[in-house]
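Undergrad: Sequence:
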Amino acid sequence: MRRSPQPLRIAIDTGGTFTDCVWIDPATRRLRMLKVFSTPADPSHAIVEALRKIAPGQNFILLHGTTVGTNTLLERKGAPAALVTTAGFEDAIEIGRQARPKLYDFFFDRIEPLVPRDQRFGVNERTSSDGQVLAAPAPEELRALAARIQAKHPQSIAISLLFSFANPQNENAVAEALRSLAVPLSISHQILPEFREYERTSTVVINAYLQPVMQRYLENLEARSRRDIRVGAGDSPACVGVGRSGMARFGVAQRFSAASGVQNVEERRFSAASGIQNVEERRFSAAKSANKEGALAPAPRIFVMQSSGGITALSAAAREPVRTVLSGPAGGVVGAAAAARASGFDHIIAFDMGGTSTDVSLVEGEIKTAADGRIAGFPVRVPMLDIHTVGAGGGSLARFDAAGALRVGPESAGADPGPICYGRGTQPTVTDANLLLGRLDPARFLGGDFTLDLDRARRITAEFLKRHQSRLTLDQFAAGVIRVVNATMEKAIRVVSIERGRDPRHFALVAFGGAGGLHACALAEALSIPHVIVPALPGALSALGILASDVVKDYSHTVLWRTSKEVPHAQLTREFSVLENTAARDFSSEGWQGTPHYRRSADLRYRGQGYELNLPLTKNLLRDFEREHQRRYGYAHHGREVEIVTLRLRAALKSKATSGAAAALVRQLDAERAGTAALASLSRAKSRDPGRAKLGSISPPKVPVLFDGKKLETQIYSRDDLHLGKKYSGPAVITEYSATTVIPPGKRFRLDRASSLIVTIS
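Counting from 195, one number per residue, gives the positions in the sequence shown under this note's numbering.
In short, the hints are calculated from the structure, not lab data.
Bear in mind that the values here come from a model prediction, so they are computed numbers and not experimental data.
Treat the hints with care, since some could be wrong.
[Unchecked claim] Estimated spans, in silico, between C-beta atoms of each pair:
id: 1; residue 1: HIS832; residue 2: ARG373; range: 48 to 58 Å
id: 2; residue 1: LEU600; residue 2: ARG942; range: 24 to 34 Å
id: 3; residue 1: ASP697; residue 2: ARG799; range: 39 to 49 Å
id: 4; residue 1: GLY695; residue 2: GLU835; range: 23 to 33 Å
id: 5; residue 1: ALA235; residue 2: ARG768; range: 47 to 57 Å
id: 6; residue 1: ASP697; residue 2: TYR800; range: 21 to 31 Å
id: 7; residue 1: SER771; residue 2: GLU693; range: 33 to 43 Å
id: 8; residue 1: TYR792; residue 2: LEU297; range: 33 to 43 Å
id: 9; residue 1: PRO939; residue 2: TYR792; range: 43 to 53 Å
id: 10; residue 1: ARG834; residue 2: ALA338; range: 46 to 56 Å
id: 11; residue 1: THR645; residue 2: ALA235; range: 24 to 34 Å
[Claimed, not checked] Mimicking DSS-like on lysine-lysine, the simulated pairs with C-alpha atoms at most 27 Å apart in a straight line are:
id: 12; residue 1: LYS921; residue 2: LYS905
id: 13; residue 1: LYS685; residue 2: LYS904
id: 14; residue 1: LYS896; residue 2: LYS941
id: 15; residue 1: LYS813; residue 2: LYS562
id: 16; residue 1: LYS941; residue 2: LYS920
id: 17; residue 1: LYS904; residue 2: LYS921
The beta carbon of each residue, even a glycine, is placed where N, CA and C say it ideally should be.
Assemble the whole structure, with the sequences as input and the hints as a guide.
TA: Here is the structure:
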């Protein structure tokens, strides 16, 4: 019997300006990438347009990093939701905590709850803190509750009762009574079985607020990707291009080997086995008929990146969208950590500067998640990577405030209209400033397929300065824009490092995103960071990280045990066994095959403290807690009673598509670290390529670039032409398809065996 071809695996990260795609070409077994302009009004338009070019008529698996949840929260465009809670606690989400967002501002505006007062409903019930049901809801009250809620016509319902994490009996009774309303239910003991009523309720409300929006988006994406991707309806991957060069310069579908010098990839075969392809996910039926435009593509399978740094099934993302609010940035951290490990760095600060925002995250050895955070001002207590975001990107708008001071961001030109140099924008942006300073080559943007309009940028920026009666020259204004936006990003890096007791001098800065390489060296110098790492394909590293991610599920349970001398190991084993059995059932129900890897941890605190420290579960848990408390806060109370508050389990399933294939490409790298080789090993043949010597013998061109107020003749290198291991000196501008890197005067850089640029700052 003839075997059907393996599905194409495509990772897509939707950003504010560009939508980035990475996939493995089944014909050449090379990694390729595609960048298209985002369509913020409906992100699926850009995704489907990209898929038509990548996989017309082919069976494919889509791994998707999405900003739909984040943008829905920021713009408050979620679905009308109702909230059911214990009677008397309907206003908990409005009262919140005593902490003031602005301590000395007596007139600050409180954030309005996502569920208005008339959509909150109380039910007479009570469960004690130890799980004893003191009062069960009466059946007649539940019937009346259902009628009252139905009269409000909510599109979803959040249910969060007191102490339901200790005993969900009453919460289950309420949920059962409301199922007849046929709207999605977000039930707190299923989403977040933890204490702290306000944070738990807020998290469940956010889930309910996002659920109908995310469900519609994912269903629409799935339907459109099946309906609109036809055999013959779009360009084949071999001829994708938005400009004159097409695949001759790899157009908008550049081969990974062109950026990293991988000539021997096609000699190796990627493993056909993958946990993803065994998933029996709900799919739309593939149509058998064809019309004059071509046959419908097979039904796609879609998986979504979570905020915790792992992928999950489409059905799980639609059911719990609160776990996807940092979907895209999480992929970047995964990719940055993998690229850095391949270059020998395990302590890094990931610096992702895109078109709209900048995301920074600190990684010490392994990627860690935080159990709480705030999105759009609302507390969210689901596992997410510790990412700090600021409104500073290539599209950030420059302006003068009422006092005449220069400001940059957080407003962004986005993809439409975009920067001035893109041809439609009318207000200067960071990208325009970099172009005016000579840091961007107008003819080499996106590999030469999109030309930046330097004359237009000069003319409209000059008009902008004249309109605001500014005496600054174009160079002074552009340099000022860079200094202001750098200050914003420097502060963000300080937040994740210095403010948390970490010395940035002990870390390397991993720069990626379309604009990361333009600003990384200046930031590293300001913070005394010794090295900057610019991975291969920096402009699509988030998508590459998504492609290399594990399947991840996170579980937690609040226990509130007190101990002073001995850890209750038997109880811990019993509780974690329950969580692991739940994880195994969930993996099996979604069709994943393989043995999950479990990581156990616990939240601990001294009795009387308000917040906890999360620590890996070891035999010396109490000793580890005191050491971490000493390191974090400068003191420890030896012998004081300790509370084990919440148990946490992270279940990860390695994808054979990334770990197994990576081991085949570069055997000396640790294939068990998912995604490491997917990023690092695609770089072995560069030194053996006889054609590279000819390219390197051609002297690179020089252009004037402004550094510290002085224009210096600066060499322009194509990243493809750099020699493996050779040391170069700045000033230099390194161009490639997805990004540009600026090396200041006096800094040395080289291309290492993982195809990463290593810049030595100090």
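Undergrad: It remains to establish, for every hint, whether it holds in the given structure.
TA: A quick look at each hint next to the structure:
{"no.": "1", "hint": "HIS832 x ARG373: 48 to 58 Å", "verdict": "holds, 52 Å"}
{"no.": "2", "hint": "LEU600 x ARG942: 24 to 34 Å", "verdict": "holds, 32 Å"}
{"no.": "3", "hint": "ASP697 x ARG799: 39 to 49 Å", "verdict": "violated, 26 Å"}
{"no.": "4", "hint": "GLY695 x GLU835: 23 to 33 Å", "verdict": "holds, 25 Å"}
{"no.": "5", "hint": "ALA235 x ARG768: 47 to 57 Å", "verdict": "holds, 51 Å"}
{"no.": "6", "hint": "ASP697 x TYR800: 21 to 31 Å", "verdict": "holds, 26 Å"}
{"no.": "7", "hint": "SER771 x GLU693: 33 to 43 Å", "verdict": "holds, 38 Å"}
{"no.": "8", "hint": "TYR792 x LEU297: 33 to 43 Å", "verdict": "holds, 42 Å"}
{"no.": "9", "hint": "PRO939 x TYR792: 43 to 53 Å", "verdict": "holds, 50 Å"}
{"no.": "10", "hint": "ARG834 x ALA338: 46 to 56 Å", "verdict": "holds, 49 Å"}
{"no.": "11", "hint": "THR645 x ALA235: 24 to 34 Å", "verdict": "holds, 26 Å"}
{"no.": "12", "hint": "LYS921 x LYS905", "verdict": "holds, 23 Å"}
{"no.": "13", "hint": "LYS685 x LYS904", "verdict": "holds, 26 Å"}
{"no.": "14", "hint": "LYS896 x LYS941", "verdict": "holds, 17 Å"}
{"no.": "15", "hint": "LYS813 x LYS562", "verdict": "holds, 20 Å"}
{"no.": "16", "hint": "LYS941 x LYS920", "verdict": "holds, 14 Å"}
{"no.": "17", "hint": "LYS904 x LYS921", "verdict": "holds, 25 Å"}
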